[in-house]
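*Asks:* Each chain is listed here by its residues.
There are 2 protein chains.
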Amino acid sequence: MFPYKSSILLNRKAHRNLYLQLCDQIIKHIKSGKLPPATRLPGTRTLANDLQIHRKTVIAAYDELIAQGWIETLPSRGTYVNRMLPIVNPADFDHENSKQKTTTISSFSFSKRPNLMYSSVSFDDSPKIQIDDGSPDHRLAPIEELSKTYRNIAKKSYHQNLFAYGSTYGNLDLRKKLVKYLNQTRGLNISLDNILITRGSQMGIYLASQLLFNKRDTVVVGNTNYLTANYTFEEAGATIAHIPVDDQGIDTNAMEALCKKTKAKAIYVTSHHHHPTTVTLSAERRMHLLQLAKQYGFAIIEDDYDYDFHYSNAPILPLASNDNYGNVIYIGGFTKIIAPAMRIGYLIAPKDFIDEASNMRRIIDRQGDMVLEKTMAQLIKAGDIQRHTSKVLKIYKSRRDLFCSLLKERLSNYFEFEVPKGGLAVWVTLNNKYNWDDVVAKAGSLKLELNPEWRRYDPNNLKHNSIRMGFASLNEEEIYKTIIILEKVCAQL
Amino acid sequence: MFPYKSSILLNRKAHRNLYLQLCDQIIKHIKSGKLPPATRLPGTRTLANDLQIHRKTVIAAYDELIAQGWIETLPSRGTYVNRMLPIVNPADFDHENSKQKTTTISSFSFSKRPNLMYSSVSFDDSPKIQIDDGSPDHRLAPIEELSKTYRNIAKKSYHQNLFAYGSTYGNLDLRKKLVKYLNQTRGLNISLDNILITRGSQMGIYLASQLLFNKRDTVVVGNTNYLTANYTFEEAGATIAHIPVDDQGIDTNAMEALCKKTKAKAIYVTSHHHHPTTVTLSAERRMHLLQLAKQYGFAIIEDDYDYDFHYSNAPILPLASNDNYGNVIYIGGFTKIIAPAMRIGYLIAPKDFIDEASNMRRIIDRQGDMVLEKTMAQLIKAGDIQRHTSKVLKIYKSRRDLFCSLLKERLSNYFEFEVPKGGLAVWVTLNNKYNWDDVVAKAGSLKLELNPEWRRYDPNNLKHNSIRMGFASLNEEEIYKTIIILEKVCAQL
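Chains L and S, in that order, give the protein sequences.
To convert a position in the first sequence, counted from 1, into this note's numbering, add 365.
To convert a position in the second sequence, counted from 1, into this note's numbering, add 365.
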C-alpha cells in the first residue's frame, strides 16, 4: 500500500489552504507514477486519521481532485485514481536531479545570440565611481513633479479610461503635445499622423529595424558606431556596411561611392553628436546626405538621442527638419533628459511607416503605459520638461567644463580629446604608449570603474585607442576624485 | 536680389526665439536653393531695417549661422552663404506638395504586414455598450492603492536608484516577490534564475517567438486559437500547424500523430481556459502533452492569461507546475487582474532561455519601468494584489452568473453556450439559421457594439458560428441592457 503518512507533508503555517496542499501532493504522486491509474484511495476517515487532519479537509480535497479529473468515485465501490490517465514509469521521474536540471537547461532548442551586448551597468553596491558611456545623472531626475503629477492624473475619475486598453500609437494627448513640442524645438513640420510614442530611443531603433530590414539588406553605419544599434540591425537580419567617420561626421562621399556599387536600404546617423566620437555632422554633409537619400531611395535613421544637450550654440536642426522627400525616420526620447527609467520616446516618420510601426507594437508589448504618457503630456504642458531641460543643461555644461579643464591641465601627457560641443560624454584618446587594459585594471583597484569592455568602441580594429567617458552623471566632487585617481593610475603606467 | 522682406516671416508671439526663427528661415532658403552658395548676405543693419527687428537679433542669427556652418565671413568683404555647400536646383523643391506627400508616404521601401490584427477597441466616445473579447473591468482597477504606492515609492530618496538604468531581467524585488507568489499560487518550483519581468503576456509571447522560431519552424496551435498569438508566431517566421480542439481542450492524440510526421518546435496552449472556446485542458491531456514534449523535445508555450479567474473550484495547477524536463515556457501577467494599462507580466522558463530573453529585452526596449515594478512588488507584499484578486473574482463570478442565466432564460432560441468554469468571456454559438453579420449590424444600430471582425474567431472556416462575449467588463445594468438589446435584435432576425 502506498505510504500516505510519510509521503504527504502538510504545513499548517503555509499560505496555501491545507486541502489544496493535500490535493497538490496527491496529484504529484499520481503524476510521478507512484499512485498509478485505478489505484484505490483510502476512505476519507482513514486518510484523515493517518494524516492527523480533519475529515472535512480530506473530503474537500477529494472533491477538488474529482472536479479536476484526477480521481473518480465508483458508486458503492470507492474512490480511485482516474483509470483513463496514462501509465507512468516512476523511474522516469528522478525529482531532485530533474528539478535542478530543468530549471537551468531547457529541453527544447532555441537560437542563442552570442553578439548581443551585455549591459555594463554594475550592480555591485560597494562605494565606487563609475564612468559610464554618457548617461544622465538620475539623481537630478524631477521625481517630485513626476510622482505628484502621476498621482494627480491617476486619481481623477475622468482619467479612468487611461486604465483601459489604449492606442498602440500612444496616448493621444501626449502625441498632440509632442507634435507641437517637436515642431517648435526641432524645426519639424509633422502632424499627428507622423508620430508613434515608444518606450525610448532603443525601441525606436528596434521598430525601425524590424520594419525596414529583410535578410541581408544592407544598412550603412560609421566605422565607429553605437554598438547596440549594430546588434539591433543584425537581429533584424541586416548586413552592416561601414563608412569612415572624421571630424565632420560620417563621410558622405564614401556613402555616395558605396551607393554606386551596392543597394543600401538605410543609413544610421547620430547626426547631432556622433556616437561614440561626439562630432557633429556638418551642414554640408547634411545636405549631401539628404540629396543622396532622395537620389538612391534609402532611409535615414536619425537617432537624435541627445538633441537637447548642446552647449555652445543653438542645436543644429536635425535632418528630419528638411526631409522633403520622406526619407528620414527620426528617433528620440526623454530618457536622457529625465531619467533612464522614464521610458518614453517617439518615432517620427511618414504616415505609412508609422502605421506599420503601430501594428508591430500590437504584437511586441500591446501598448505603452497610458498613465505615464499622460503624465508626460501634463509635464510638457506645464513647462516642467522645458524648465528641467534648461536646468540640467546648465549643470551638465559646467560638469563638462570642469572635467575637460582638469583632464587637460593634469593628464594631457596621457589623454587627448576635443572638448565636445554637446552631449554627455567626452571621446578620450589614450596615448599610444599605453594600453586601456592597464588603465582599467589599475583604476578598478582604486575604485574607479571604467568600462572593461572598452574594445567595443573599436569593433573594426581601427586602433584609435579611444573610449567615451561620461561626465554628466558625476557631480563636482566625483569629477575631482576621478581625476585624482586617474593621476595615480597614470603615474603607475 | 533675394526679396528678404517678403520671404522671411517672423512671429513675435511664437515660442521660439526671434533670432532662431530668422536662422531657420535663412537655412530653409539656403537648402531650397533660393540662396545659393557664395551669395552675399545683406549687412546686419540693412536686414534689421528690412525686417523691422533689432540689429542685435540679426547679429545673433548670423553668429548662429556661422557657428553651424551655413554662412561665412570673409574679412573686409562681408558675409556669404558658405561656398562649400552643394548647389541645389530650386525647382527640385516644390515645398507645399512635397511636405504633404512626404509626411504620408515614405521614399524608402519597407515590409507591410497585411495579416496583423488591428485593435478592435473603438475610440468613439458616443454612449454605447461594447462587448469585448474578455477584458477586465478597468473601472475596478485599484487606482488609489496603485497611485499612492507609486508616489510613496518614487519619493523615497533611497529609491533614487530606481530612476537609473535597471536590469533587463526586471526589478529584483519584484522578481523575488513573484517567485514566491507564483510558487505558492501556481504550484511552481522556480528560483530567481527562471523569471523575467515583461510588460504583459503579449511581450512574453513575442519574446518566446523571437527566440524559438527560425524561418519555417512549425508551431502547433488549436484550430481555434488566440489569433494575436498566431500573428506573433508568423512574425517570427514560424509556420502554423493546427490540431482540433474539443470539450477537453486541444486533442493531444492529434498532436502525437502530428509529431510522428513533422518536427514541431513548439505548441501553444491556453491550458486553463482555452482561447477562444473557454474549455479547460483535462488532466489526462495535460499529462499526455508533458509526456509528448519529453519524447519529442518540443517546447510548450503555456499562456496562463487568466489563471486567477476560476469560479467553481480551485484552479488546476498549470503544466509548468509539473515540468520535470524543462519543456514549458510559462507566460502570465497582471493586466487582467489589475488593469490593461498596468503592463507587468512574467516569463518563466529554464535559466538558459531566460538569459536569452533578457538579451533580447536589451535591444527591444532596454528595460521595464522600475518604479512601476517596485510598486507592484510592494502591492504583492502588502497583500493588495491578493485582496484585489479575491474581490474582482467575486464580482466577475456574479456577472458571469447573471449574464449566463439571462442569456439562457431569454435567448436560448438563438444562442447556445456552456457556462464557462472560469475566465472573463462566454463562447457563444449562434443558431445556424442566423448570421452574425446581421446580429452585429442590428446590434450596432441599437448602440450595442459587438466585434465586427467576428470571423477572426474562425480562421480555418470550421463554421462553428461562434464568438466570445466578454461579461466581466459589464456591470449589472449593462448586462441587462445587453440582453434587452439582443432580444430586440433577435426578434428582427
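Calculated directly from the structure, the hints in this document are not laboratory data.
Computed from a predicted model, the values in this text were never measured in an experiment.
Be careful, since some hints might not be right.
Any copy, or any two copies together, can satisfy a pair, since identical chains are not distinguished.
[Stated by the list, open to error] Restricting the straight-line Cα-Cα distance to at most 25 Å, the calculated cross-link-like pairs of lysine-lysine (PhoX-like) are: (1) LYS378 <-> LYS746; (2) LYS746 <-> LYS520; (3) LYS853 <-> LYS541; (4) LYS659 <-> LYS807; (5) LYS378 <-> LYS659; (6) LYS421 <-> LYS786; (7) LYS756 <-> LYS521; (8) LYS378 <-> LYS542; (9) LYS545 <-> LYS399; (10) LYS545 <-> LYS378; (11) LYS786 <-> LYS393; (12) LYS628 <-> LYS846; (13) LYS520 <-> LYS541; (14) LYS716 <-> LYS545; (15) LYS378 <-> LYS798; (16) LYS756 <-> LYS513; (17) LYS746 <-> LYS513; (18) LYS807 <-> LYS846; (19) LYS625 <-> LYS762; (20) LYS759 <-> LYS580; (21) LYS399 <-> LYS477.
*Asks:* Next step is simple, just say for each hint if it's right about the structure.
*Replies:* Checked hints:
1. Taking the shortest Cα distances, LYS378 and LYS746 sit within 25 Å of each other only across copies (17 Å), while inside one copy they are farther apart (53 Å).
2. Taking CA atoms no more than 25 Å apart as the test, LYS746 paired with LYS520 passes in both settings, with 19 Å inside one copy and 22 Å between copies.
3. Proximity of LYS853 and LYS541 under a CA criterion of 25 Å is satisfied in neither setting, with 53 Å inside one chain copy and 41 Å between copies.
4. Taking CA atoms no more than 25 Å apart as the test, LYS659 paired with LYS807 passes in neither setting, with 50 Å inside one copy and 51 Å between copies.
5. Proximity of LYS378 to LYS659 under the C-alpha cut-off of 25 Å is found in neither arrangement, the shortest distances being 71 Å within a copy and 35 Å between copies.
6. Proximity of LYS421 to LYS786 under the C-alpha cut-off of 25 Å is restricted to the inter-copy arrangement: shortest distance 24 Å between copies versus 77 Å within a copy.
7. Proximity of LYS756 and LYS521 under a CA criterion of 25 Å is satisfied inter-copy only: 22 Å between copies versus 30 Å inside one chain copy.
8. Taking the shortest alpha-carbon separations for LYS378 and LYS542, only the inter-copy value of 18 Å comes in at or below 25 Å, while the best intra-copy value is 54 Å.
9. Proximity of LYS545 and LYS399 under a CA criterion of 25 Å is satisfied in neither setting, with 69 Å inside one chain copy and 27 Å between copies.
10. Taking the shortest alpha-carbon separations for LYS545 and LYS378, only the inter-copy value of 15 Å comes in at or below 25 Å, while the best intra-copy value is 59 Å.
11. In the homo-oligomer, the alpha carbons of LYS786 and LYS393 lie at most 25 Å apart only across protomers (23 Å), although the nearest pairing inside one protomer, at 66 Å, exceeds that limit.
12. Taking CA atoms no more than 25 Å apart as the test, LYS628 paired with LYS846 passes in neither setting, with 50 Å inside one copy and 60 Å between copies.
13. In this assembly of identical chains, LYS520 and LYS541 lie within 25 Å of each other by CA distance solely inside one copy; the values are 22 Å within and 29 Å between copies.
14. Taking CA atoms no more than 25 Å apart as the test, LYS716 paired with LYS545 passes inside one copy only; the shortest distance there is 17 Å, against 46 Å between copies.
15. Taking identical chains as interchangeable, the C-alpha atoms of LYS378 and LYS798 are never at most 25 Å apart, the minima being 66 Å within one chain and 57 Å between chains.
16. Taking the shortest Cα distances, LYS756 and LYS513 sit within 25 Å of each other inside one copy (19 Å), while across copies they are farther apart (28 Å).
17. When the C-alpha separation of LYS746 and LYS513 is checked against a cutoff of 25 Å, the pair qualifies both within a copy, at 15 Å, and between copies, at 23 Å.
18. With identical chains, the CA atoms of LYS807 and LYS846 are at most 25 Å apart within one copy only, with a shortest distance of 15 Å there and 74 Å across copies.
19. Proximity of LYS625 and LYS762 under a CA criterion of 25 Å is satisfied in neither setting, with 42 Å inside one chain copy and 67 Å between copies.
20. Proximity of LYS759 and LYS580 under a CA criterion of 25 Å is satisfied in neither setting, with 45 Å inside one chain copy and 51 Å between copies.
21. Neither within a single protomer nor between protomers do LYS399 and LYS477 lie at most 25 Å apart by alpha-carbon distance, with minima of 38 Å and 54 Å respectively.
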